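Peer 1: Numbered according to the numbering used here, the sequence shown spans residues 12 to 550.
The set of hints was computed from the structure by calculation and includes no laboratory data.
Hints are supplied without guarantee of correctness; some may be wrong.
Said to hold, decoys possible - Keeping only pairs whose Cα atoms sit at most 27 Å apart, straight-line, the calculated DSSO-like set for lysine-lysine is:
| hint | residue 1 | residue 2 |
| --- | --- | --- |
| 1 | K125 | K62 |
| 2 | K62 | K544 |
| 3 | K335 | K361 |
| 4 | K452 | K437 |
What the hints assert, rightly or not - With beta-carbon atoms standing in for the labels, derived distance ranges:
| hint | residue 1 | residue 2 | range |
| --- | --- | --- | --- |
| 5 | E307 | Y255 | 21 to 27 Å |
| 6 | F59 | W96 | 32 to 38 Å |
| 7 | A259 | L534 | 40 to 46 Å |
| 8 | E307 | I218 | 32 to 38 Å |
| 9 | Y257 | D403 | 31 to 37 Å |
| 10 | D492 | S360 | 35 to 41 Å |
| 11 | V371 | G294 | 37 to 43 Å |
| 12 | P34 | E235 | 22 to 28 Å |
| 13 | E235 | E307 | 35 to 41 Å |
| 14 | V97 | E298 | 35 to 41 Å |
Remember, it's a predicted structure, so these values are computed and weren't measured experimentally.
C-beta atoms are modelled at their ideal positions from N, C-alpha and C, and glycine is treated no differently.
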Amino acid sequence: MKQNYLLALLSAFILWLGWPPVPYSSPLLLIGLVPLLVATENIIRSEFTRKGSKIFTTAFLTGFVWNTASIYWVFNAMHAYLPAWVSLLIALIPFGLAPLLMATAFRLYYELRKRQNILISFLGLISFWIGYEYLHQSWDLAFPWMTLGNGFANFHQLVQWYSYTGVYGGTLWIWTVNILVFLFYWQKKHQIQAYSQKLIGLLIATITIIPIAVSLVQYSTYEEPANPSQVVVVQPNIDPYGKYGYIAPEEQLENLIRLSESVAQPNTEFFIWPETAISSRGGINEEDFRQYPAYERIVSFLGKYFNGNVLSGIESYALYDDKKTPTARPLGDKYVDSFNSSTLIDGSSKLQYYHKSKLVPGVEQMPFGKILAFMTPLFEHFGGTTGGYGKDTEPRVLYAQSGIGVAPTICYESIWGNYVSEYVKKGAQFIAVMTNDGWWKDTSGKDQHMAYAKLRAIENRRWVARSANTGISGFINQRGDVVQHTAWWVPAAISQEINLNDERTFYTEHGDIIVFIALAGCLAAFFLIILSKFKKMFN
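Based on the provided sequences and hints, a complete structural model is requested.
Peer 2: Structural data, given as structure tokens:
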């Protein structure tokens, strides 16, 4: 088994090397899984007992090392406000959960392989893997950071066809090439001719080169529809610790306005400020926000700009007479819902809000809160809640007075391709990402987060305006090119004329079709496994 573990570690190393933020290394992903497939085949053809458990362990080793090396910065996010040992324990959940699901996909592949030929089994493996990725973006412990298709974010010129398939097209591509390379290698090494080597070689070349060629043609020929709008993004660079401590909200607001004015033009239409940029001691009551000095100061600032709008993150809350939502908590004779929100403010008295929907498990929401709802009285007795932050149930486009629609994406939400595309379906003409990546410190987390936004631009052919408190702020065009960006840990504001777009891509219109095909494949594979077990029982 030692050799198989070394092969598993080799796969982890290649996958890590091909992962953002390493530039232009993503083609390595097309062979990164080959050593793991070789290790799996070695076990299947060995005299070992408990082969399924050994395959599970081997696959888990690859996933755990690759995941931990790529998202080590999760520990920093926890350690920002928790002791080191507690942070490490919590970080082990994202470090280990996805690898457990990956290993489960391989374990199911082994069960199928015992009963079916290798090609049907590989189709099952691809289906199981995509099924795992979909589960990991859909359940209460969602963290789709390591979806395989995300790996091409730093070489986006090769995946312009994500405008048709989304990132799951990348996952399918990576797996298909890896399996073909494995088959070619295995047959050559063991002098097997189960399938024509020439045919496999031709398929490897075709399936590798054609998507790249198509993408490069798309990249070089794509022209944005001309529909200009002037936008400013602000990076105030407020220390995350100081934001909730020694830096007054009033000082933070003046800093945002000063930076905005430093690059603004008379025709600037949008000022994008980061996540939780607008705050007040005790939060801001959404119903009464117009009475807050911060609101009056922002309206006064906008008076200089015709058609000017501020789109900003805001710490807000709502009061109810009864328990209107599962996340509402008792507050005297009322109930309160706290939100990580965005708001659009213009020169009129109109206010629009969107409440972050994709909440960080454990930090912003209690996973499986509905299941734990029976414990609500106990949590409330000790001052807690099973719900965490309140949220909107679906994306909400915010509209300027001029009619321009913007997707107010908050932080973590920008890694969901299907969710961001719903904004565009509802009329968003560009995507705003408001985030605070400062908790992660100067790690690759901030670079990965920025890179993934390029995929959202390609999928929907929309500009992305990204405002990060202490991360990387910038502008990304409809081909996924970073046109401008700020440096890390410096206060800055940048201005850009972007092109709005009303057209919908195939992906925007139809979503993750590949997922539904893969889920059907999962059901078929499960049926074959169960059917075989039933036949064995009755024979």
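Peer 1: Now look at each hint and say whether the structure bears it out.
Peer 2: Here is what the structure says about each hint:
{"no.": "1", "hint": "K125 with K62", "result": "holds (11 Å)"}
{"no.": "2", "hint": "K62 with K544", "result": "holds (17 Å)"}
{"no.": "3", "hint": "K335 with K361", "result": "holds (24 Å)"}
{"no.": "4", "hint": "K452 with K437", "result": "violated (35 Å)"}
{"no.": "5", "hint": "E307 with Y255: 21 to 27 Å", "result": "holds (23 Å)"}
{"no.": "6", "hint": "F59 with W96: 32 to 38 Å", "result": "holds (37 Å)"}
{"no.": "7", "hint": "A259 with L534: 40 to 46 Å", "result": "violated (57 Å)"}
{"no.": "8", "hint": "E307 with I218: 32 to 38 Å", "result": "violated (60 Å)"}
{"no.": "9", "hint": "Y257 with D403: 31 to 37 Å", "result": "holds (32 Å)"}
{"no.": "10", "hint": "D492 with S360: 35 to 41 Å", "result": "holds (39 Å)"}
{"no.": "11", "hint": "V371 with G294: 37 to 43 Å", "result": "violated (18 Å)"}
{"no.": "12", "hint": "P34 with E235: 22 to 28 Å", "result": "holds (24 Å)"}
{"no.": "13", "hint": "E235 with E307: 35 to 41 Å", "result": "holds (38 Å)"}
{"no.": "14", "hint": "V97 with E298: 35 to 41 Å", "result": "holds (37 Å)"}
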